[in-house]
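The task is simple: from the sequences and hints, build the whole structure.
Protein sequences, first through last, are from chains A and B.
Mapping the first sequence onto my numbering, position 126 (from 1) lands on 110, and the numbers just tick up by one.
Position in the second sequence counted from 1, then plus 644, gives you my numbering.
Treat the hints with caution; some may be incorrect.
[Claimed, not checked] Here are some of the chain B residues that sit facing chain A, going by a computed Cβ distance under 7 Å:
no. : residue
1   : GLY689
2   : ALA718
3   : VAL952
4   : GLY956
5   : ALA957
6   : THR981
7   : SER983
8   : LEU987
9   : HIS988
10  : LEU995
11  : PRO1018
12  : GLY1022
[Said to hold, decoys possible] Derived Cβ-Cβ restraints for the label pairs, each shown as a range:
no. : chain 1 : residue 1 : chain 2 : residue 2 : range
13  : B       : GLN941    : A       : LEU290    : 36 to 44 Å
14  : B       : LEU774    : A       : ASP190    : 20 to 28 Å
15  : A       : SER169    : B       : ALA904    : 34 to 42 Å
16  : B       : ARG1035   : A       : GLY241    : 31 to 39 Å
17  : B       : GLY1022   : A       : ILE285    : 17 to 25 Å
18  : A       : ARG165    : B       : LEU774    : 33 to 41 Å
19  : A       : ALA221    : B       : ALA939    : 29 to 37 Å
20  : A       : ARG277    : B       : GLN741    : 29 to 37 Å
21  : B       : ALA904    : A       : ARG116    : 48 to 56 Å
[To be verified] Stretches of chain A that chain B covers, calculated by requiring three or more beta carbons in the stretch to come under 8 Å of a beta carbon on chain B:
no. : stretch
22  : 182 to 191
23  : 256 to 266
24  : 287 to 297
Everything labelled a hint here was simulated from the structure, so no lab data went into it.
We treat Cβ as the ideally placed atom computed from N, Cα and C, and that holds for glycine.
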Amino acid sequence: MARDDIRLHVVSGKGGTGKTTVAAALALALATGGRRTLLVEVEGRQGIAQLFDVPPLPYSERKVAVAPGGGDVYALAIDAEEAMLDYLDMFYSLRRAGSALRRMGAIEFATTIAPGLRDVLLTGKFCEAVKRQEDGEFVYDAVIVDAPPTGRVTRFLNVNREVADIAKVGPIRSQADSVMRVINSPHTAVHLVTLLEEMPVQETIDGVEALHNNGLPSGQIIVNMLRTPLLDDDELAAASNDTLDRDTITADLKAAGVIGRRGATTAALVEALVDEARDHAERVELERQERDRLDRLGLPIVSLPLVEGGIDLSALYDLASQLREQGLR
Amino acid sequence: MTAPAKKPRARATPVAPPARPATWDVDALIDNEATRIIVCCGSGGVGKTTTAAALGLRAAERGRRVCVMTIDPARRLAQSMGLTELDNEPRPVSGVQGDGELSAMMLDMKRTFDEMVEGHADADRAEQILSNPFYQALSSSFAGTQEYMAMEKLGRLRATADSEGTWDLIIVDTPPSRSALDFLDAPARMGSFLDGRFIRLLTAPARSAGKGFGRLVSTGFGMFTSVLTKVIGGQVLRDLQAFVGAFEALFGGFRERAEATYSLLQEEGTSFVVVAVPERDALREASYFVERLKADQMPLAGLVLNRVQATGAPMLSEEQALAGAERLDEAEEGELTSSLLHLHAQRMATLSRQHHLADRFSGAHPGVAVAEVPAFAGDVHDLEGLRQVGRFLAGELSR
Ligand SMILES: Nc1ncnc2c1ncn2[C@@H]1O[C@H](COP(=O)(O)OP(=O)(O)OP(=O)(O)O)[C@@H](O)[C@H]1O
Ligand SMILES: Nc1ncnc2c1ncn2[C@@H]1O[C@H](COP(=O)(O)OP(=O)(O)OP(=O)(O)O)[C@@H](O)[C@H]1O
Ligand SMILES: [Mg+2]
Ligand SMILES: [Mg+2]
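Next up, the structure:
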C-alpha cells in the first residue's frame, strides 16, 4: 500500500466510533521515525488535549507528543473566530477592526449565521498547514484532521466549491480554489472510522457513496474496537449449533479444578459457559456480516482492537504501531 | 389518578450509603393515565431510539394508545415498525398485541419546519419564506434545528392528541448528540441567537441610527455590516433580513416560539427517561442531565442502563476462570474449555468495570431509579426484540 504520498488525512466516521482516537494514533504513526505531523481539531472540544493529557490547546501549533524513533506530533485546535480574524487580516487588512468586532460578539454571529463560513475558515486553515514550506521543504510531513462526523464531512470539505460558485473573482475566489486544490489532490485521503455494527457500517457505506458523488478521495476504512474471536471457526459453529460437547467440558473443568463459589454445580457452570459461547458466536457472525458489507466497498480496510479498560497514552502508542503494521506509515 | 408516577426526590445523605439503586416500576409509569409524554434522552448511540420504541410497544400492549416519534432509527428497526413512509405523520404499527394501539413516525426536520411555516402563513408568504436561501440553510443544516423541530413536532402531536383524542401517550426519542442536554438547550440557544442583538440591528437599522446610544451602536454597526457584507456577501445579509422580518411577523420571534414548546416539557404529565450505557462518558452525560432536570424541576422517571454485560455464571470469578484456563494450557489439554474460560473471564472483567461505574452513578444519585437492559448478542431490530427490551425494563426479566 503506497500511502506515504498522502499528506492530508481527514478522519471521519459516525459519532463516537473513535474519530479522535484514531486521528491521534494516525498522527503518531505517521510521525514515527523522525517525521513531523500536525493533528488538527475543528470542533472546539479539546478532545486532543484530553487524549494527550496536556492543557487545553491554544490557537497555535503545539508539540504534544514524541513519536517512537524520534518524530514530533504537533496539534492545533482551530478556533473559527480566530480563523476569521486571520481571514479579515489577510484579505482586508482588518486585524484591529476585527478585534473590535469580536468584542461586540459580531464575529461569533457571523461565523454562526453564514452557512458554510465556519467551514471555509476551518478548511482554509488546515490546508494552509498542508502547503506550508520552509527552505523549500514542507513544514509538516502530514496533516491529520479530526473531522466532523460522516453526515457532515462531505459538505465540510466541499464548502469551498460553494464559495467558488458565489465569488467569481477576487482574493476569496483564489483562496477557495487553492483550498479545493489541496482537498481534491491525489495527496489527500478521507478515512472513515467504523465499528462492526449495523448503524456505523451503514453510515460508512452511505459516506463512501457521498464522498464518491462529490469527487472527494476516499482512503481507508478503519474498523475500530474490534474484538478478536476467542474461538476458532469449528468451535464457533459448534457453539451456535449447540453441539459443544458438554461431557468433555465437564471433565476439563474438573481436571482444572474449576469450581464456582456458593456451591455452584459443575453442570450449571457448563450450561452458562455454553450459553456465553453461543452469544459470542452470534456476535462474531453479525460482525462477519458487517465486515462483508464493508469488504464489498472495495476500499482498503485496517482494524484496531478494542482496548479493554479504555484509551490512555500507552494504548494510543500501541494503536499507532498497529496502524503502521497495517501499512499506514 | 392525579399526578404522573414520579419518584420521590432524592435527599443527600452525609454518609454515602452502599449504592443500592431504587428499583424502577416502569409499568407503573406507562400504565398511569396521567403520564402523557415520555421523553427519552441520553448521549449518542446509547439506545434512546430503542428505548423509546420498546416503551411505546409495551405501553400499547398494556392497553394505552401510544404514539412514538423516532429520530433516525436503524434501518431494520424502522422497517419492522412499518416506518417506510417518509411523510412525517404517525402511522399505525401492525403486529401489536392486546387492546392498545401503537402509531409510530420518523421525524423529518425540514418538513416539520416547512409545515410550521405553512401552518401560519398564507400561501404567498409561506412561499416567500420557504424559498429564502437563509431559511433553506436554517431548516436543513443548522446546529440545533433538529432539536428545535423535535420539540415543535412534539407540540403538534400533543395538540392533535388533545383535539382529536388520537393518543393518550406520546413517547419521544431525541436526536443523536454528544450531549443529552442539547435537546433541552439547543432550541432556546437557537432562538436567542436568532432573536439576538445583531439580527435586531440588521432588521431595524433605521431605528437605532441617529441619537445617543443609538449612534454608538450604529458606528460599530456600520463597520459590522460592511465587514459582513464583504465577507459573506450582501445577498446573504439581505436574505437574512427578509427571512427574519417575515418570520417575526408570523411567530413573534423564535425565542417565544421555542419557549412555548419548552414549557410543554415542564407540564404535569411529562416524564423524562435518561438512557446510558455503563461507560464513563455516557454516565457522565447522564449525570449532567439528571442534575439539570432537578434544577429545572422536571420529573425524571428513571435511568435505563442499557447494554449491560450479562452472565449466567456470576459464581465463577474472573480470577478463578483464568486460573483454570492456565492449568489446562499448562497440561496442554482442554483447548476448547480453556477458550470458554477465557471468554468468561473477559465477560467478568467487563461486568465488574460496569458495576463499578454504575455504582458510582448510583452513589452520586441515590434517588434515581434504575432499570437494566442486558447487551444482546444481536441488535434490536424487530417487535419481538423490542418486547424483550420491554420485559427487562419492567423487571419481568433480569440478567
Ligand atoms: N480501540 C478502542 N478501544 C477502546 N476504547 C476506544 C477505542 N477507540 C476509542 N475508544 C473510546 O471510545 C470513546 C469514543 O472515542 P472518540 O472520542 O475517539 O470517538 P469520536 O468518534 O471522536 O467521538 P465524537 O463523535 O464524540 O467526536 C472514547 O471514550 C475512547 O476512549
Ligand atoms: N440492549 C442492547 N443490546 C444490543 N444491541 C442494542 C441494545 N440496545 C440498542 N442496541 C443496538 O444499538 C444500536 C444503537 O441503538 P439506538 O439506535 O437505539 O441508539 P440511539 O441512542 O438512538 O443512537 P443515536 O444517538 O445515534 O440516535 C442499534 O443498532 C440497536 O439495535
Ligand atoms: Mg471526537
Ligand atoms: Mg437514535
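Results of checking the hints against the structure:
Interface restraint check for B/GLY689: the shortest CB-CB distance to chain A comes to about 5 Å, inside 7 Å, so the restraint holds. A distance limit of 7 Å between C-beta atoms decides the matter here; for B/ALA718 the minimum to chain A is near 5 Å, and the interface restraint holds. Contact between B/VAL952 and chain A, as hinted, is not supported at the beta carbon level, the nearest pair being about 13 Å apart and thus beyond 7 Å. A hinted interface residue such as B/GLY956 counts as satisfied when its beta carbon comes closer than 7 Å to some beta carbon of chain A; here the least separation is about 3 Å, so the hint holds.
A cut of 7 Å between beta carbons decides the hint on B/ALA957: the least distance to chain A is about 3 Å, and the hint holds. At a threshold of 7 Å, the smallest CB-CB gap from B/THR981 to chain A is about 4 Å, leaving the interface hint in force. Nearest Cβ of chain A to the Cβ of B/SER983: about 5 Å, under the 7 Å cut. The hint holds. About 5 Å separates the beta-carbon of B/LEU987 from the nearest beta-carbon of chain A, less than 7 Å, and the hint is met.
Interface restraint check for B/HIS988: the shortest CB-CB distance to chain A comes to about 6 Å, inside 7 Å, so the restraint holds. Interface restraint check: B/LEU995 against chain A, minimum CB-CB distance 11 Å, threshold 7 Å, status violated. Hint status for B/PRO1018: violated, given a least beta-carbon distance of 10 Å to chain A, over 7 Å. For B/GLY1022, the interface hint holds, since its Cβ comes within 7 Å of a Cβ in chain A; the closest pair sits about 6 Å apart.
The hinted range of 36 to 44 Å is satisfied by B/GLN941 and A/LEU290, whose Cβ atoms lie roughly 41 Å apart. Checked against the given bound of 20 to 28 Å, the beta carbons of B/LEU774 and A/ASP190, roughly 27 Å apart, stay inside it. For the pair A/SER169 and B/ALA904, the beta carbons lie near 50 Å from each other, so the given range of 34 to 42 Å is not met. Between B/ARG1035 and A/GLY241 the CB atoms are about 38 Å apart, so this pair conforms to the stated range of 31 to 39 Å.
Taking the beta carbon of each, B/GLY1022 and A/ILE285 are about 23 Å apart, inside 17 to 25 Å as hinted. Between A/ARG165 and B/LEU774, the C-beta spacing of about 36 Å keeps the proposed range 33 to 41 Å intact. At roughly 54 Å, the beta-carbon separation of A/ALA221 and B/ALA939 lies outside the given 29 to 37 Å, and the hint is violated. Between A/ARG277 and B/GLN741 the Cβ separation comes to about 33 Å, which falls inside the hinted range of 29 to 37 Å.
At roughly 51 Å, the beta-carbon separation of B/ALA904 and A/ARG116 lies within the given 48 to 56 Å, and the hint holds. Counting residues of the stretch 182 to 191 of chain A whose beta-carbon sits less than 8 Å from any beta-carbon of chain B gives 3, enough to reach three: the coverage restraint holds. Requiring three or more residues with a Cβ within less than 8 Å of a Cβ of chain B, the coverage given for the stretch 256 to 266 of chain A holds, as 10 such residues are present. With a threshold of 8 Å between beta carbons, the proposed coverage of the stretch 287 to 297 of chain A by chain B holds, since 3 of its residues qualify and at least three are required.
Violated hints, in rising order: 3, 10, 11, 15 and 19; the structure is consistent with all others.
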